[in-house]
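Each chain, written out:
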Amino acid sequence: MPVLRAATLPRRLLLSPSWIVRLNAPGRYALALAVVMASWSAAQILSQLTSSNRISGVLLAGVLVTSYLVGSGPGYAAAIVSFLIYNFYLGASIVGVAAYRAEDILLLVTFPVVAFLMGNLTGRLRDETKRTDIRQRMTAVLFEGTREFSACDDAAFIRVRLADYLAAAAQGQAFVLEDEVLCTGGGAELTPMVMSAAQALAQEASGEARSIEAAGWRVRRLSGAGVAGWRADPAPGPQEEDLLQILADAGAAAMTRAQMAAGKAGAEARARTEDLRNSLLSSISHDLRTPLAAVLASATSLQQFGDKFDAKTRQDLIATIQEEAERLNAFVTNLLHMTRLESGALDAHSAAFDLAEVIDRTRRRFERLRAHWKISFAPGEGAGLAVGDPVLFQVALANVLENAIRYSPPQSNISLSSALEEGAVVVRVADEGPGVEASELPRLFEKFYRGASAKRTPGTGLGLSIVRGVMHGMGGQAEAALRTDAKSGLVLSLTLPAAERHEEAV
Amino acid sequence: MSEDLGRLLIVDDESQIVRALTPALTAAGFKVASAAKGETALAMLANDPSDVVILDLGLPDMDGKDVIQRIREWSDCPIIVLSARDLEIEKIRALDLGADDFVNKPVGVGELLARIRAVVRGRERRFSAQPQFQFGDLEINFPARRVLVKGEEVRLTPREYQLLRILAGHAGQVVTHKQIIIAVWGSETNADAQFVRVLMAQLRQKLEAEPSSPNLLMTEPGIGYRLSCED
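These protein sequence lines map, in sequence, to chains A and B. Our numbering puts the first residue of the first sequence at 1, with every later residue one more than the last. Our numbering puts the first residue of the second sequence at 1, with every later residue one more than the last.
Chain B extracted, bound-state conformation (with noise of 0.2 Å):
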């Protein structure tokens, strides 16, 4: 556990949030820093770009998804937000400004280090621009447009290959349904959540080997899916 996994900055106005995490992040591997405004943060990252931002919504100067949208203007760092804010839109709303994943507090740090670890894994597999995306039993090989489990071909519809492909081009973090339904349906259509979540069962069934507990597409439920590449 004492790699070296680079820095992390921690955004929280309450100083005790950051106390009690300090400690656990630095034994993970991270090098932590921390920030009690928006503005800091983003002054803090144009100067010493982090790997990981763990993000609160309520900041005394700013709102914490300004600050998303603010960062993802020139960067592409994981963002998780850790918020006490419960209500789904919030959650919706940081997650289609460009935040990686979301995480309500109060949380362990054992699920916290979990979650970063997938975010970064997830963004590693995707900007290594390979041709293959490979976890588990599952492969897909993008330019053939072909998907295999166990080494055998499931026959997927266009849909179901789209949906599968941003959920691995997004591999770990959560996608939202609105951005589900825009690059399977496209940006001009009447389809709600209601259509991603046929379409889902569709996959399951061809992909899962018990469609009814997945382990491979995990559902966030009233934000989304997010293809688990956690082992």
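With the rest of the complex left out, here is chain A (with noise of 0.2 Å):
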């Protein structure tokens, strides 16, 4: 947080020196009194010097000075001591009062009235200097706090370093009351009711921006809510006033605007997991829609034209029904298993299981249900035997297999293939597909994330999440590599702990 910086621009008028100025009243007539014993005592050296009793001109000069010091309150003071002591002087000097003469008569009355110039001049130039000093502090406090609001995107935050400057600017207090938070700054104590007048300016419906008078306190009503509330000491001038209404109103721009900010992130937010929702029950429409349509299709066909048919569309048909209700079947069977994986309900049964008989079933129904894909399989030395819950296993191969063959051509070979790696079984399917940017390899098991290039091709994002929840459920791990020889596509491993040899097989 930077720290208030009081102005420390050059003054224009070079006035009195500053400790003069800082004095108090007795203070700054005791200084009048010193300045007017100093010039009696030079204009006594000066006549003791010159013979001269022409001291007047010297007490005069006295006179002058302790006005353009200290003001013309004890510049009146100076010349009344002056007038006396001068009066004293020539009494001791030159008996009887009568023996005044015309210019001792001018003088009586040239004292008070320099003293009366002079000091109401400096008072002025005085004041004037001291509202330029202010404004200057207020100025740069105004510039402070508007620059770190326009940087700022936390309306509290915004809300706590308002009060903080007000107080700053006014050097008072200074508070900034906004939905029932209150934030003060320069120790501000807020009486009852000062409070409630705040309120209820917080209150008023209309939104304008209106300032108050309450118990000393300038209450300002905010353009976007709240209100803020200053007290000043001295008192500051209309144009004091100004700027500290400029400060205010600048950190209520600066509040709405954070607010603003966060309700747009907010709804940014909103909107993504509502996107989220339509694309992932639109997946899952078309995902049960399409076989079924088929199989409807297939069935009313069979129904109005069985007769017309030959014997291999016939069965053709029958087919597309068979396979259609298998697929709609693993859809639902991987429906369940995500909802399983969400409430931790994954029953695995670990055991030691003939892994290439798996690979290979899951495999030819595969082959079967997508004639259009190559499906090859090279099983590894040493990997035949691997611990785990070969049902789940089935679930995790078939998705990775479903998940190949939805994104490459048709035509194309998927290889799959085992190997035995540091205790490990590890399971690779390669296709021939796109692949995707390397960035994107960690977040392909997220549940409903999908590929930057998947947008195009239907699907719901949860199989390779399923994957990765049956995978880890039963101690193993998936996952996503690219392909490292000059084709594009994906490489997906499935590792399952190695069984020892004696190990029976399931």
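Check the hints yourself; a few may be wrong.
Claimed, not checked - Here are the simulated lysine-lysine pairs, DSS-like style, with alpha carbons at most 25 Å apart: (1) B/Lys-65 / B/Lys-206; (2) B/Lys-37 / A/Lys-374; (3) B/Lys-37 / A/Lys-487; (4) A/Lys-264 / A/Lys-312; (5) B/Lys-37 / B/Lys-65; (6) B/Lys-178 / B/Lys-206; (7) A/Lys-308 / B/Lys-178; (8) B/Lys-150 / B/Lys-206; (9) A/Lys-312 / B/Lys-31; (10) A/Lys-487 / A/Lys-374.
In case anyone wonders, no lab produced these hints; they're calculated from the structure. Bear in mind the structure is a predicted one, so any value in this text is a computation, not a measurement.
Dock chain to chain to rebuild the complex, using the hints, since each chain is given by itself in its own frame.
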């Protein structure tokens, strides 16, 4: 948090030294007396040296200096004292008041007039300088404040800082009240009366910026919501008041902006969730309806035109019904697995099992259902037995194959292989699809995540998350990598612990 | 059923749908071709125009709605959307872009064939440029602006007549609320679907034997209306 700086601009008017300006009233009078005494002493020395008693000029200079330094009040005092001293001096040298000369009468008038004129002029200059100083300080605070506000997106923080800045600008106390949250600056303590006035102003229906006075406080209704109040010492002039209002309004504008930005971010997040839900729903409806459409079309075709079809067409339609029903079942099973994974109810029965057999069974089922893709399997040396749940492993493998088929062109190869690596069995599935960006690899197993290039392909983004879920559920791993050979495509690997040789396969 | 109904193109990337539909459509009298991608379909149509296109909206290379738009740039062939997307906004957009009808998956071949027949017949009627429209008890004489039900003249307000005319002009086809509003109230209007509903209720009172269960002026819920020309 930056420290609030006081204005340190060069003084335009070189007036009294600052220690004199800061003097209190008795101090000023004491100073006046001291100056008079000094001028009197100087006059004495002068009259001794020049053997002249024309010392009125020196005393007059003392009055002048006093008025200049400390204002008209002490100036009058200096005038009176100087006049008395002069009288005393005259009385001491020339006997009798009657001995006054016209010159002395003139001095009697001159001393206070000079003191008045000089003091008045000085006082005005001093006041002006003081105002300029205050204004400079306020401008600096205003500048500092608006800069900080504009760099901040947190409405609550801006509220706290606005109270601080207002207090610094007013050189007094300040508060900001918004949504029942009160922030104070400069150690402000609000009396119940000020508080209730502020609340009443905050609850005013019209959002117009306006100010009221309450028990020495200036309370301003802010343009957005809430109010700001300040108490300056000494009471600020109209121009200073304007600057304070500008500061309060700048803070209010910053708070409104921050709140709108926050609201926008929230709305965007909601829109993203909504988008995700819509696309998930439409994917699920697509995945359920496509097989259903094939089943219904085939069944109604057989019903309506059955006797017109040749045996091969009939057989083909019946096969479509069977395959699509199986696909539907697989999809429903997957949804079920997802639900079980979500609820933590996945029940893995791990044991040593014959990996090659499960892989081959899955491969053959896919070959039958998806005749357009060539699925090959190369079993690795020593990778025959793995520890895991064969049913769940088949679910994982089927999802990986489904994923490979979904994203690779018909007639392309999908290569399955297994290998024994560091006490674990790794099953790899390599496709010839477009692959994904390397940066997307870690996210592929996230639920609902779909690669940037997958937007056109229908899918729920559930398959691979189920793969990872069931593999973890039985102590295995699922990883994705890009092909390292010349072809494009993705390699998904499923890892399970290898079974000890003496263990019996199930 | 062995009559030659012309060529039919199925555009769908799901091979099982093509496999399931082809035999029945062939048996019904169509020469069936298929395309799995939008670009393939457009190329096929350019070389060898089809008499009917059955189009899926979710294609791997482009959105089916863009396919409709591209086809409509040069061809007026009937397009029936067959899609698993059941969002009304999708249907309305597809129809506004010039699709003739929208059928949800899954659908039986009986219904699909009926929709195809309705669309084809509606087109024939429309493009024969006859001054008369006649279906069932309804008869419209366009030059005289006369509407007859069972031979008796029915008096329609200008708006009711406009509504009937646009539906008759697209007989068998769904006409969206938006299309109706533009035809009846013009494009510079704040009329909404509610206006259409009210006007339709008035028209049904005058034309339908039983306005509460219409068999001429059919509602497509949330989308628009259709003048039935199915027997």
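Hints, verified against the model:
no., hint, verdict
1, B/Lys-65 / B/Lys-206, "violated, 37 Å"
2, B/Lys-37 / A/Lys-374, "holds, 22 Å"
3, B/Lys-37 / A/Lys-487, "holds, 24 Å"
4, A/Lys-264 / A/Lys-312, "violated, 61 Å"
5, B/Lys-37 / B/Lys-65, "holds, 13 Å"
6, B/Lys-178 / B/Lys-206, "holds, 23 Å"
7, A/Lys-308 / B/Lys-178, "violated, 43 Å"
8, B/Lys-150 / B/Lys-206, "holds, 12 Å"
9, A/Lys-312 / B/Lys-31, "holds, 19 Å"
10, A/Lys-487 / A/Lys-374, "holds, 16 Å"
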